[in-house]
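Build the full structure now, drawing on both the sequences and the hints.
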Amino acid sequence: MSRSHPPLPSSDQWTATEDRLGFFGPDSVSWRIHSDPSFSVGGLRALLLQALHPVAMDGVARFSGGFREEPWPRLIRTATYVDTLTFGTRTEAVRAAARVRGIHHRLGATEETTGRTYRVDDPDLLLWVHCCEVDSLLTVARRAGVPLTDEDADRYVAEQVTAAELIGIPRADVPDSVAALAGYFEGIRPELAVTAAARDAYRLITVPPMPTWVRYLTPAQGAWGGLAALAVALLPQWARRMYSWPGLGLTDAAATGALVAFRQALLRLPQRAQRSPIVWAGWDRVAEAPAA
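The numbering of the sequence shown is my numbering, which starts it at 1 and goes up by one.
Treat the hints as calculated values from the structure; they're not laboratory data. Please note that the accuracy of each hint is not assured.
Unchecked claim - Pair ranges (Cβ atoms, derived):
1) V260 <-> D150: 28 to 34 Å
2) D150 <-> D284: 28 to 34 Å
3) P190 <-> V286: 41 to 47 Å
Heads up, the beta-carbon is just placed ideally off N, CA and C, and yes, glycines get one too.
What follows is the structure, encoded as structure tokens:
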């Protein structure tokens with residue numbers, strides 16, 4: 001794998017129309033998956049999966065400021081970044097990627113269990129995070145009932161190569177099909193482990209700290225607990241075995257049924273409540289644009 005980072009594109013490489021549509025556009029599978037209510041569960045599944053890489057997890061534990069005390073800001077930042085890359089203009093997406101690259105470039109350490117000295121922007125670590133995200137969002141969307149053919153699934157993985165390149169991964173190293181993505185996970189599994197940092201992350205994701213009044217006087221704890229339990233149950237079986245938590249008592253069929261019910265419940269909410277303002281700003285921008 002190359003250790004060099006591809007340069008970010010510049011605004012002289014696209015037209016005003018291309019900028020407005022962003023790197024994916026409303027006809028992409030990425031817009032379809034990332035605007036679906038199942039996105040939130042897929043995002044939690046991705047974080048749980050990402051924690052199984054000792055070096056990548058060490059970077060999160062060391063440098064995601066205050067993650068142990070307040071995981072919410074990191075979760076919000078991550079979702080905002082993905083939304084901006086997907087639904088923002090090309091200019092906005094590149095600006096967001098440049099900001100994250102700048103932060104990553106300054107950070108590095110040595111992970112104790114492996115002895116590896118790393119930088120947060122090592123391409124193989126970025127690739128791990130990318131593949132966990134793509135696999136999780138796609139898997140959860142399909143199991144939730146989003147109508148996606150096998151061709152759509154391959155197209156989504158291929159589209160997301162652009163997101164990988166924006167964050168700094170050489171395009172040639174990124175899986176561009178469902179089969180290639182499965183092969184990536186098969187090859188990397190011997191490097192994975194449940195470290196102390198991974199167990200901390202698991203606890204923070206499944207039982208996050210909340211103010212006492214929120215925990216006991218609102219339905220937040222129960223609602224989040226259900227969402228997190230669903231994300232755990234949707235992990236690959238090999239990942240659930242690593243965590244020694246087979247799925248919180250849910251069979252694969254039961255987990256899929258619960259996910260479908262969750263998505264259907266959210267689809268009954270007002271559309272603007274289903275996803276972030278960044279998502280709907282993208283749809284509005286495209287809808288308001290004059291016909292070509």
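Between D150 and D284, does the beta-carbon spacing fit 28 to 34 Å? Check passed, 32 Å falls within 28 to 34 Å.
Should the hint that V260 and D150 are 28 to 34 Å apart at their CB atoms be regarded as holding? violated, 20 Å
Are P190 and V286 spaced within 41 to 47 Å by their CB atoms? holds, 44 Å
Hint check: a violation occurs at hint 1 only; the rest are consistent with the structure.
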